[in-house]
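Undergrad: Let the sequences and hints guide you as you build the complete structure.
Number of protein chains: 6
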Amino acid sequence: MRPSGRDLSEMREVSIETGVTKHAEGSCLIRMGDTHVLCTASLEERVPPFIKGSGLGWVTAEYGMLPRSTSSRMRREAAAGKQGGRTVEIQRLIGRALRAGVDRVALGERQITIDCDVIQADGGTRCAAITGGWVALRLAVNKLMKTGAVVSDPLISEVAAVSCGVYAGQSVLDLDYPEDSDAGVDGNFILRGDGRLIEIQMSAEGSTFSRQQMGELMDLAEKGVGELVALQRSAVA
Amino acid sequence: MRPSGRDLSEMREVSIETGVTKHAEGSCLIRMGDTHVLCTASLEERVPPFIKGSGLGWVTAEYGMLPRSTSSRMRREAAAGKQGGRTVEIQRLIGRALRAGVDRVALGERQITIDCDVIQADGGTRCAAITGGWVALRLAVNKLMKTGAVVSDPLISEVAAVSCGVYAGQSVLDLDYPEDSDAGVDGNFILRGDGRLIEIQMSAEGSTFSRQQMGELMDLAEKGVGELVALQRSAVA
Amino acid sequence: MRPSGRDLSEMREVSIETGVTKHAEGSCLIRMGDTHVLCTASLEERVPPFIKGSGLGWVTAEYGMLPRSTSSRMRREAAAGKQGGRTVEIQRLIGRALRAGVDRVALGERQITIDCDVIQADGGTRCAAITGGWVALRLAVNKLMKTGAVVSDPLISEVAAVSCGVYAGQSVLDLDYPEDSDAGVDGNFILRGDGRLIEIQMSAEGSTFSRQQMGELMDLAEKGVGELVALQRSAVA
Amino acid sequence: MRPSGRDLSEMREVSIETGVTKHAEGSCLIRMGDTHVLCTASLEERVPPFIKGSGLGWVTAEYGMLPRSTSSRMRREAAAGKQGGRTVEIQRLIGRALRAGVDRVALGERQITIDCDVIQADGGTRCAAITGGWVALRLAVNKLMKTGAVVSDPLISEVAAVSCGVYAGQSVLDLDYPEDSDAGVDGNFILRGDGRLIEIQMSAEGSTFSRQQMGELMDLAEKGVGELVALQRSAVA
Amino acid sequence: MRPSGRDLSEMREVSIETGVTKHAEGSCLIRMGDTHVLCTASLEERVPPFIKGSGLGWVTAEYGMLPRSTSSRMRREAAAGKQGGRTVEIQRLIGRALRAGVDRVALGERQITIDCDVIQADGGTRCAAITGGWVALRLAVNKLMKTGAVVSDPLISEVAAVSCGVYAGQSVLDLDYPEDSDAGVDGNFILRGDGRLIEIQMSAEGSTFSRQQMGELMDLAEKGVGELVALQRSAVA
Amino acid sequence: MRPSGRDLSEMREVSIETGVTKHAEGSCLIRMGDTHVLCTASLEERVPPFIKGSGLGWVTAEYGMLPRSTSSRMRREAAAGKQGGRTVEIQRLIGRALRAGVDRVALGERQITIDCDVIQADGGTRCAAITGGWVALRLAVNKLMKTGAVVSDPLISEVAAVSCGVYAGQSVLDLDYPEDSDAGVDGNFILRGDGRLIEIQMSAEGSTFSRQQMGELMDLAEKGVGELVALQRSAVA
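Protein chains in written order, with my numbering: chain A, 371 to 607; chain B, 371 to 607; chain C, 371 to 607; chain D, 371 to 607; chain E, 371 to 607; chain F, 371 to 607.
Do not rely on the hints blindly, as some may be mistaken.
Same chains, same names: a pair is fine if it fits in one copy or spans any two.
To be verified - Subject to a maximum C-alpha distance of 30 Å in a straight line, what follows is the list of computed DSS-like cross-link-like pairs (lysine-lysine):
hint : residue 1 : residue 2
1    : K593      : K422
2    : K452      : K593
3    : K392      : K513
4    : K513      : K422
5    : K452      : K392
6    : K422      : K452
7    : K452      : K516
8    : K593      : K516
9    : K513      : K452
Hints listed in this document are in silico derivations from the structure and should not be mistaken for laboratory results.
TA: Written as structure tokens, this is what we have:
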């Protein structure tokens, strides 16, 4: 029934390749099917003004799509002179999600910026960005701990995300682009590796959903995130 | 236990005053406690380029806060030269939510813009904007139907929104600013008058939540939206 | 002869309601007929860089119109990415006018920002903004004096403004929108409560005027400002 | 008493050199003492959208200062990414003033843009820009009439401007920079060659003025503009 | 003598991998040592306004660097709100260079946009972008010819570029980042596959050079481009 | 053969008038035929952040064209809200070129900004800007040396620039606008007064060139710059 022939609760093939750029403190290329996102972590020994002197660290994120990551070319945001509303929403989401897995006291007064750049898009880029972003973050924090700059591990648990939605009347896991453009109802679920919920964004464009469907989607999300966390663990091992 | 002395499932006092500006096709001032939002609906007999010629209508929204609607003065976005990320997120949410209650075929090729301007803020401005925005929309559509420009009612059901969150370990309804700034977990629930879900945005800044808590918050949201829909109905009667 | 039926030297009904927002140090809603402007005063214990260390205070103003304050919806300046030329002109005028009534030594090194937001427009918004802005300023200064932060009153005199113009060949006071859009010659007169002139901006779009007409308009302006100052005094009493 | 040794009602030496650039349809370099402004008129056979099809013409103006036209270097507005509030105010004033001398029906559906670029500044640049701008406009219109594109002269009368102010307690004509920076009260008076008033902008920064002073300043302005109009006439003869 | 141990006239190892993204009409990842640039060609059946109706085609380019392609993180240009001067210069250069190898009549009225995004930078990114950009262009044109949309081959010859400079007093080929940051004199040489010169940009920051050195650098450039063209040919074979 | 009737190696008439503005530390108006550029040097006793505390000075440049310096009016960059790509390229070039003639240690920690504003354009504006810019720089440095602020002359040699190109198949010196718009191949050559090369920018839009032609153009450039340097010397004598 799904365009890709997948089962309702079957994820796309996912791979996480680490160490893909020589400059960043942590990096990976995550592939969720044909969605490919390059994630890098950049460490700076300074924090934004609003927490200067607080002793707390900060994790933030930026998101971008290469102009031809999509089926038809998108205008380059740098040329347009600003980041679009969708970009701003997504990068705020990524940062907020990752911070939910961070002990900012343990991190100390330093900032890690996660850049998530979509090389090729086929649905679910923000979930791939969060899942891959956490891997880049983990690798950068490992470096900090190796040098002794940070003693107690500031990462409480993994953070991973997956999309679920109602496609052709059925609740399905990990929507690809053909499903995503057709689904009236879909959402992103962000969980920690210990199963706790961090963020849920369910929305229905031109449609609605019931509490029962909401329950089905959450079951799928828990299954999917479980698989992603396993992949994260082996990637950073 | 709540700073305001309210029960866990008790909303603030809500009032909706219609017809507050002489120019707009529909307008109201919604007060949810000390949160006051002016909502206007502006009708135009043209649609955005991407649906020109489709026969479909469009409902969109813009959101703003007066510089001194908040406890300390915020920089005016027009002076800053752009709308902040939060503003962009909120106005996209309002538009998406309201469209979920609209039959765009019945509306016909015309656009209604809902402007939501926060006069005074005390938490929950986006929920007030959606709830009041629907009232302004309803009034503007009524005008269209009275003139015969639109024959079949394009509004399928009411659309209303309420925030819920975990405050001091308890699930509470309709957070005001003191609660909101303290709650690690909170979210916005948008429902239709017929009880169908439109959008859920649960997020946890520096915290997490469980599926059981998610269930409690949804119960509260259904209660709160039920009360708001009753107020919407009497406001437009 | 006037569209509203008013006498040549008759102002619209004016009311000034104070204390309309709980956050601002001073606030009022001024209504000059159907022109409604919300004015707030925000106090900050810092001054712009160009007077830092001078011991002098600063009063500045910002002006905005809600998108549907006008007969047809205007584009939101925050969305357009900049304040238009008219907005910039008006807010510079308001700030300059109010400063003419302020003893900046007595105010001390602090800044008061007057925000004037037009809720509903029907001509004469800049005059309403100045007149209401002064009331907000007065209330904020009263607060400063009550706490003892300021000892000697920094407000020398009231500041109020009114528009006059030549409509259908006759000199008239306080133009409303139908008159304003028709008048070839009109201007704004800003005076202090003690009768001294602060600013005159007479201009003729597609027309001209004589020195005798200039004299008639000044007579009307003195009458109108006299009435406004009386209302200001009772509003802040 | 004046820093320059001039009498109270004595203008600076003024010269107007025409034909200073080979590309523009009309051009002049106006020198009012050490204030030098290059004015060009550019003709286009199209009008702004808001009057398309009306049969009416349009005259508009833009104003700029070379970065080192002033005593200390100013930031280039193109580099700053926007025109400042003062620039916007001035160029709107120049356009409005010049249009007051134009019969837009006789001009026909075409646009003339007057560019006023300050090469060297010593006070009174906006008045020099208006006075020189009219000369450039006259020369461009002459060209139109020579080719027969325009038959009836669209220029009703000359337009010229001069500043007056209260310096050291005395009303003086044509303020230079040392006077201007010291005068609490000053203004710009724009008149037509036939003596009719077009625009008056009197303002007092940190001061006030009386009706009697207003009369004295208007007397000076009429004298000054009379002299400027004579120079305009001989420049375009 | 060179930090990398290379001979004076030895290039870094270069590889060109084609078909790296499924959406673009042509794509490659070019690696010149540690400089990695992703190049995509996007075809549109429309041209910029200035050649509409001329029957001529257009080839243009855009350039960007991922924020962490460099040793320390650069600010994202989309977030900064504009493309920096260096970016604008480089993308104009790439477009101009590629057009020198295109018969725009044979291409017909369509546009090909070459996006060059630097994944990892180690000197010479603009040369890599031109060389890889041509490969993406060739592949996109091949597609056009296969479908019969274009009959006569619009690509006259290959276009490739290499940097040369004076490092430690010696003329060297293909500077990497450590050399580039140290060289007082360096430049980019763009040639066609048939040996004709397209563009030379020699510059000396804080230094100068002689005509003899200019000759040596041109000899090196001819050697380097010869090698690059051979690689381009086998990549697109 | 040339539109102007000049010989292949003949420059336009060049004049350099110094002291053209009373405010700048150095200034000149350079005329290369009908290309007129006003150059001013502004001295500031501070340097950009990236060299603060280094003891080194800085020379930078900005470039602009008056809107009607060209045959048809160009949009004012300040009004457009940004400097175009061509402007940015040119002003970076001017600054880089002038710095190649400066001993930044001898200059000491101060900045000189060269503003080059094109009053009238007829081809070769960037070369005129560099040649005139050096004169303004020389005059400003002379002032510094006269006051004793600078002891050892920081100007190593003159810096001048000329354009050369292939017009109608022939190598020609100093292209004017009619030649420039027709030449497939042209470039700018920047040399010091001692004959050393600083920068070469040869480019071919829709054409190519050979090494032999490159040699001819360099011969012409050396001849042209020789003449310009002689004029510079007599201008500052």
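Undergrad: Indicate, hint by hint, whether the structure satisfies it.
TA: Status of the hints after comparison with the structure:
no.	hint	result
1	K593 with K422	neither (40 Å within a copy, 42 Å between copies)
2	K452 with K593	neither (37 Å within a copy, 41 Å between copies)
3	K392 with K513	within (14 Å within a copy, 35 Å between copies)
4	K513 with K422	within (23 Å within a copy, 32 Å between copies)
5	K452 with K392	both (29 Å within a copy, 27 Å between copies)
6	K422 with K452	both (27 Å within a copy, 26 Å between copies)
7	K452 with K516	neither (38 Å within a copy, 38 Å between copies)
8	K593 with K516	neither (33 Å within a copy, 46 Å between copies)
9	K513 with K452	neither (34 Å within a copy, 33 Å between copies)
Hints 1, 2, 7, 8 and 9 from the list above are not met by this structure, while the remaining hints are.
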